[in-house]
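Participant: Residues per chain, in single letters:
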Amino acid sequence: MKRSKTFSNGLWIALAYLLALTGFAFAAGEEEAAWNGGLRQKFFGDRPIEEGNQIVELTAPYRAEDPALVPIQISSKIPQTKDRFIKTVTLIIDNNPVPFSGIFHFTPESGKADLAMRVRVNAYTHIRAIAETNDGKLYMNKAFVKASGGCSAPIGTDLEAAMARMGKMKFKLDNEKAVLRQPNLAQLLISHPNITGLQMDQLTRMIKPAHFVEEVKVSFNDKPVLTAQTDIAISADPNFRFYFVPETAGELKAEIRDNKGNRFSASQTVTP
Amino acid sequence: MKVPAIALLLPFIALNVPARDDTSKISLQQVAPGIYVHQGIHELPDRHNRGEIANIGFIVGQRCVAVIDTGGSPDQGRALKKAVESITTTPICYVINTHVHPDHIYGNIAFKQPGVSFIGHHKLAEAMAMRAPFYREKAERDLGFGLETENFVPPDHPVRDTLVLELGARALVLKAHRTAHTDSDLSIYDARTKTLWLADLLFMGHLPVIDGSLNGWLATIEELRKIDAELAIPGHGPVSADWPEALEPEERYLKTLQSEIRAFIKDGRTMEDAMANVGLSARGDWQLFDEFHKRNISTAFAELEWEDE
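Chains as they are written, first to last, in the numbering used here: chain A, 1 to 272; chain B, 1 to 309.
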């Protein structure tokens, strides 16, 4: 009797364990496979990551209209102060051929660590924004996006025009007159084909080599506002929205570098 | 309203070409003497319709037949070929592809044989090459059939500006356009019946889909309007329609997009905002509006952001 009871207990425990395992697999699903299967470890090691939207919130369309041009927003939930601020936001698109999409560095001068941009999504996937605050803690918010083929989608129809325009940049400010000592919204438009290196020419069997913006530095009066290392997930003609805090009138400046070493810069006078 | 004389003279004859095997059946209507059109359906390409959604057909001359677009699947291409052979003994000399989209070119392989020349826009070969890997994956996933490299038959004769095709007592004028619906749009004009085969430069009923340039498309419409035609053949919509009235809904839609998106950009509003709010008043006028409208906005927004450069 005793033995059989132990046996049945053991069986139940095993069953429960199995159920828990499969239950976990169903709950987390394939959606977490890439993240748990290496991405997390690769980018953040064993560091604890708090999940939720208490520090940053990621917004993305559930179904992408154009997988090569998916608008996403990251909104911060804390102001950028000298004492406490978001230092970086890392953007990971789990099931993209290159999951690392960008890391964005902020300063207290950013005012608000908000960001918006357009990305390529190659398969049904989670997009994750992982924020690191200045005390070294990590916070993650994610959104699931249904899209396919964004990275292998054919290069925009007017590549010639795009190449001719490459490196042109313009700033757009939310208000004509800047509000001093407050976060002001700015938009940086970069003309660059941002070729992924995954688009193949079937006739020649040639892959168009990857050619994309790798670094973006935005400063105001030479103080960094937003510095980013970016990869092929950023859509053609990269477009970033962000905040900066002008203490006085001055110059907003963008310097970019692509993976072929081309450098471009542009600036915009800001007046209150 | 201008009444197309041809349309009055000719009853629209629906022909159901007898099948020699289970795949080869296609309905055709003669819209003008010697011009036959198969009417597509307003659906997204899928496994059920096998991507066979576009208007396709052919024009018969005394010496030659020119096929205009070959359909959304190799089977539909074979069906079209059999239909041509059952209607006329005149040989097929030309296959004209009006642009790169799958619903217009996947039947190409059915016509590839000695004596048949393929004709397309000078950018068509490159567009096919750049898109083929992506399209093959998509066909496998969405349409349920595999395609080989050979299915993408590039043109033997690229059209840079215009090309006159002599079919025997009938000359077709082919014109390669600037980037509009796609970057490989070609229109065909038959002077004998004053018929303008516009394919996807003209959408009727089915929401216009921008895969090229909104500004380019509107500029192309301006040029097309000058053509002295009586009948137009859209790529999606009825088999034929009165010219130039047929253009009006499409032009109105594209112009609304253009003016509203320009206003959004000027006001510093975002692409997301535009996608949610631009052009919604047109929703009742079109089929497949929800499937393509937002994407049209994002494509156009990305274009118009840089239109002053």
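No lab work stands behind these hints: they were computed from the structure. Keep in mind that a hint or two might mislead.
[Said to hold, decoys possible] Which residues of chain B face chain A? A few of them, derived with a C-beta cut under 8 Å, are:
| hint | residue |
| --- | --- |
| 1 | P133 |
| 2 | K138 |
| 3 | V164 |
| 4 | G268 |
| 5 | R295 |
| 6 | E305 |
These figures come from a predicted structure and were not determined experimentally. C-beta: ideal position from N, C-alpha, C; glycine also.
Participant: Hint numbers the structure violates, sorted upward?
Facilitator: 3
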